[in-house]
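J.: Residues per chain are reported as follows:
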Amino acid sequence: MKSFTYERATDTRAAVAAVTRPGAKFISGGTNLLDLMKLDIEYPSHLVDISRLPLRDIEELPDGGLRIGAQARNSDVAADRRVRTRYPVLSEALVSGASGQLRNKASTGGNLVQRTRCPYFYDTAADCNKRDPGSGCAAIGGFNRIHAILGASESCIATHPSDMAVAMTALDAEVELLRADGSARRVAITDFYRLPGDTPHIENVLGGDEMITGVLLPPPLPGRQIYRKVRDRASYEFALVSVAAVVSVVQGTIREARVAFGGVAHKPWRSVEAEDALTDRPARMDTYRAAAEAALRGAVGRGDNDFKIELAKRALCRTLAQAAGAS
Amino acid sequence: MIGQAVNRVDGPLKATGRATYAYEHWEAGQPLYGFIVGATIGKGRITRIDTGDAEGAPGVQLVMTYLNAPAQGPRDESIPFEYWRAQPMLTGPDIHFYGEPVALVVAETFEQARDAADLVEVEYRAGRGRFDFGEFEDDTYIPKTVNAGLPTDTAVGDFDAGFAGAEVKVDQQYTTPYEFSLPIEPNASMVAPRGEDLVVYASCQITDAARDSVAGTLMMDPERVHIVTPFVGGGFGSKLGIHSETILAALAARALGRPVKVTLTRQQVFQLVGMRPTSNQRVRLGAGRDGRLAAIAHDVTMHTNPDVEYAEQTAATVRSLYAAPHRLTSHRLTALDLPRGTDVRAPGEAPGMLSVESAMDELADALGMDPVELRIRNEPTVDPERNVPYSDRHLVECLREGARRFGWQNRPAPPASVREGRWLIGYGMSAAIRGHFQGPTTVRVRLEPDGTAVIQTDMTDIGTGTYTILTQVGAEGLGLPLERVRIDLGRSDHPSSWGSGGSWGATNSSTAAHRACAALRTKLLDAACGDTRSPLHGLDPAAAVFSDGDVAIGGASEALREIVARHHPDGVEAEGKTRFMGDDPNYSDYSINTYGAHFAEVGVDADTAEVRLRRMLSVFSVGRVFNPKTARSQLIGGMIWGVGAALEEEAVVDPRSGAFVNRDFAGYLVPVHGDIPPDIEAVVLEGYDDKANVLGAKGIGEVGICGSGAAVANAVFNATGVRVRDFPITIEKLLPGLPAMAA
Amino acid sequence: MSASDTHAMRRGQGEMAPPSAIKLNINDQVRQLEVDPRTSLLDALREHLRLSGTKKGCDHGQCGACTVLINGRRVLSCLTLAVMHEDDEIMTIEGLGDPDHMHPMQRAFVECDGFQCGYCTPGQICSAVGMLAEVKAGWPSHVTTDVSSPRVALTDDEIRERMSGNICRCAAYPNIVAAIRGSAEGGAI
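Residue numbers (the UniProt record's numbering), protein chains in the order written: chain S, 1 to 327; chain R, 1 to 743; chain C, 1 to 189.
Honestly, the hints are just simulated from the structure, not real lab data. Hints may be right or wrong, so weigh each one.
What the hints assert, rightly or not - Residues on chain S that point at chain R, a partial pick, calculated with CB under 10 Å:
| no. | residue |
| --- | --- |
| 1 | Met1 |
| 2 | Tyr6 |
| 3 | Arg8 |
| 4 | Thr10 |
| 5 | Glu42 |
| 6 | Arg115 |
| 7 | Pro119 |
| 8 | Asp123 |
| 9 | Gly142 |
| 10 | Leu221 |
| 11 | Pro222 |
| 12 | Ala299 |
| 13 | Arg302 |
| 14 | Asp306 |
| 15 | Phe307 |
| 16 | Ala321 |
What the hints assert, rightly or not - Covered stretches of chain R, as calculated for chain S (at least 3 residues, CB under 8 Å):
| no. | stretch |
| --- | --- |
| 17 | 246 to 260 |
| 18 | 666 to 678 |
Stated by the list, open to error - Lysine-lysine pairs mimicking DSS-like chemistry, simulated, CA-CA at most 27 Å apart:
| no. | chain 1 | residue 1 | chain 2 | residue 2 |
| --- | --- | --- | --- | --- |
| 19 | R | Lys629 | R | Lys691 |
| 20 | R | Lys691 | R | Lys733 |
| 21 | S | Lys38 | S | Lys25 |
| 22 | C | Lys23 | S | Lys25 |
| 23 | S | Lys38 | C | Lys23 |
| 24 | R | Lys577 | R | Lys691 |
Heads up, the beta-carbon is just placed ideally off N, CA and C, and yes, glycines get one too.
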């Protein structure tokens, strides 16, 4: 770990100003950043501790939605009564991730911008375009069991490891950003993340002079919400594939659906194709199969991860059946 | 006292964080911190090494590379066991495997050392390494012997003819991956110079081996090396020897004249400690329609490091397991430029029984026979390869008792026949066998003038319960309450032992302690009965009863404390020993083993192929048990290791670099709480093996893992009808065989 | 930018930051220490304050051995910096009890043989204490059937899911669950 200076921010605007200094980074929960700093993958020269900024609250919005402060801890969001009753898919996604100890530390904003768990990204001796742009991608042709099947490029086949962000994607969340000049903007979560293309080191649209201050959840769609995470062991493991689904069924017909996958792409993968294949169709297995085929139509396996294509289809079908069956 | 379910005597220290492990000793003062720099190629040569920036970094006291490392003793193959041999480090520019230490950076703080380690600049000329087992598994050689000195190949009868004539045959290949021990305490060491001597706070299983290994490497008199290892945070084979963490700490401590401590990072553990070799195993079983085996063959190919040969005794397991007139076993090695293979819990049995007991399940399936009955039908009367009788073999009782308790007869036998919601339910079983070993151990028992006993040996407690069972043995042997027996372990200055490993630690040290107590009783009785001042004077020592701190003969009694005070004002001591099994005729005249039977129920998600254990029951026969509470814990721990081997554990080599790709706890999965249902039980049959030792006890540290993975694997087959022979059984291997999704 | 460029950037980083004088409230005692800002809370405890009951098993948040309680919540001390915890109340295994005055959870672990080598044990115990408070507060878990329900029953399945961040390689899992259940039923937490 490289040496750095440390400051604790007490004012949100001042914190954003402080991070514009070259080499500066925010630290909040630290559960991903310190992990990476110990391996010299991240090497900030200055840390701005934003964990105590007054951005912890979860607030009602006038339109019936919720605003989750960027500093709200994952465990607090998962346990929030309003989240549990109105956005259970988010609560389920959060508690399926990491461990109780990590969720007590990890912040909402930090969870959104966590880095990939690709083992080659974690190995400074391996080629990795995300860590060392231009060096190549060791995962292509390497051990790529956990890697992307959708939206990847020849530069990078890493996945985004968050569960929380997958649920937020299915909930049409927006990310709220604050600039050093005090101006704010909102970005739809699907636009917040970038696909790797040939610049996999740029993972989202967060500017160097910006801070995530919150996540906005619009009022939920009617219908059942389910988060399903598939993994080798029963707990404490990143997803091989996960599905967040919101399905609204009226008299046996799907009126509306939201579908997002985790563990399959460089970003939480919203599948409009699956949603289109579901809308106004009967809530039956053949519909779900068609949606799964549509969702995975462009999927590409890299060898070890070939199975994830079929796995994602099956996970989606079962999740849709459960969500539709219960609504 | 022996046989009682006493709580761990070191429990309160461990539960309150007061037990001190290798990296946590402060009596030598503030140490310096060492951090190892590992090679980033798997084969080749260092062409340039620049330590200037690192040496100039804040706090750095020393950067040691092959250019300035002191001369060290060579690894001496005339020393019979690897763990006692020198382990020289930083000996030259050649790189033999990925991650091999190329430098040690020593600094005032851990943060400084870790940072400066990144500043050591090393350039390499990479050579062409052999990294991929699959590519080289046909390029094998025949080792002279396999692990534990067992024969490489064995043959009985005429296998080819026996197999050819069999009515029902199984001929399958099974593969097992590289596996790691991974105790939660990483390998760590602190070394403090004391005059010409070195005090080595080590995390090791065999104190005696650590001392000789350090002394041999640093070319010191072993008497000047003092190993201290009172608590060890798990071993499972990975601490049988000491490694770079200890040698490099010792070299630096001597160079700097200050205490230095070094721990491997979790990632380095995967490169620097050694692993269970990967294996390809062909199992052939030929039987009659009645299930009686005519022919058994187990042929195993494994990797070895080219410089340090390690041949896991994977095919040796089947030699004593089932009767069959025609038999064949073999071991072959292919040299790969990877870290050395090493003992990982139940070497031989763990991977061997996964395959053999899966094959037995395949045979039962082919015969349409209950797999429990199949095993009972092949119960031998004598060891079929050594042709000697068994001591205390109760495999059939384990099978029957386990089947009864588990409700095995009620299971639906046809594969893929039970579904509960999204879960396909299956049941599987396996037999277990493990050889029992005995090694030389000396234990000293001292009786202090205050009437407390102290048991001293260099034996370790790596979580196995040594402190507790020796307390029980001492209390029983001297007739003292438990709280008046103190156990002093893990110091090389104490009488030596074979330490903890191979499931021999408890029986070696307890037997030696038992004998030491007997010798001490004789000394005390000789003194008292021959002393006119004693109420025991002139009475028959053979009638003496030791209890509650007193010695009684008939109606007369005297406190031990008074006998000691009168005759031995500084205390009195005696020693007891066990000998090497090769010098004990019982071990050549009998086949001495432990046995078990495992029964498992799994659920397999019909959609996603996720496998989850639902319940497990195993029954063991291990001779006499010292402490049912700690024994049960250790047996269940072993069973859970089998679950991990069946379903999760696998280290993957990148064949381009020779590095283990998934070298941390996020990538290399081991069972977590969520994987293990509360309904898991280990039952031990009452027993006493009079051929094993005077206490009738046998080892239990490894028999729990033997076969338990196969029971899980067989349950997965029963649940799904899919037979996976490439371990671990993960989602991608099951998914293609699952039924299409139903509404 | 090539790999060697980023390596050079990495190497060029960071003038040595001066040590920070901080005060930490640990086990109800205020402790003053000077640390490199890079010092994890775990290393501050173990190497500066010599409170080595908190264990380092992986240093990357993958094993749970370093679990401590901060303001009553269980967290991993390896993935947080000491300098971030002034004003916090930190409780370590040493603060929960000592061999003569064990916390009920510590006693339950001894009684149920909830460990073998003992190295993951302090983390398991601190985690268990924090976990029971989370259950009491009604927090849902991955195995909670209905996350919208405000109450959670302390079943064995709930315990083992919630304890899954604490790896025990000796695999004392069934005994640990029994200890936690027993301790919770005893009502002494």
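J.: Next, verify each hint and record whether it holds.
T.: We went through each hint and held it up to the structure:
no. : hint                     : in the structure
1   : Met1                     : 6 Å, holds
2   : Tyr6                     : 13 Å, violated
3   : Arg8                     : 20 Å, violated
4   : Thr10                    : 26 Å, violated
5   : Glu42                    : 13 Å, violated
6   : Arg115                   : 13 Å, violated
7   : Pro119                   : 5 Å, holds
8   : Asp123                   : 7 Å, holds
9   : Gly142                   : 6 Å, holds
10  : Leu221                   : 23 Å, violated
11  : Pro222                   : 23 Å, violated
12  : Ala299                   : 15 Å, violated
13  : Arg302                   : 13 Å, violated
14  : Asp306                   : 8 Å, holds
15  : Phe307                   : 4 Å, holds
16  : Ala321                   : 7 Å, holds
17  : 246 to 260               : violated (count 0)
18  : 666 to 678               : holds (count 8)
19  : Lys629(R) with Lys691(R) : 25 Å, holds
20  : Lys691(R) with Lys733(R) : 45 Å, violated
21  : Lys38(S) with Lys25(S)   : 15 Å, holds
22  : Lys23(C) with Lys25(S)   : 24 Å, holds
23  : Lys38(S) with Lys23(C)   : 24 Å, holds
24  : Lys577(R) with Lys691(R) : 16 Å, holds
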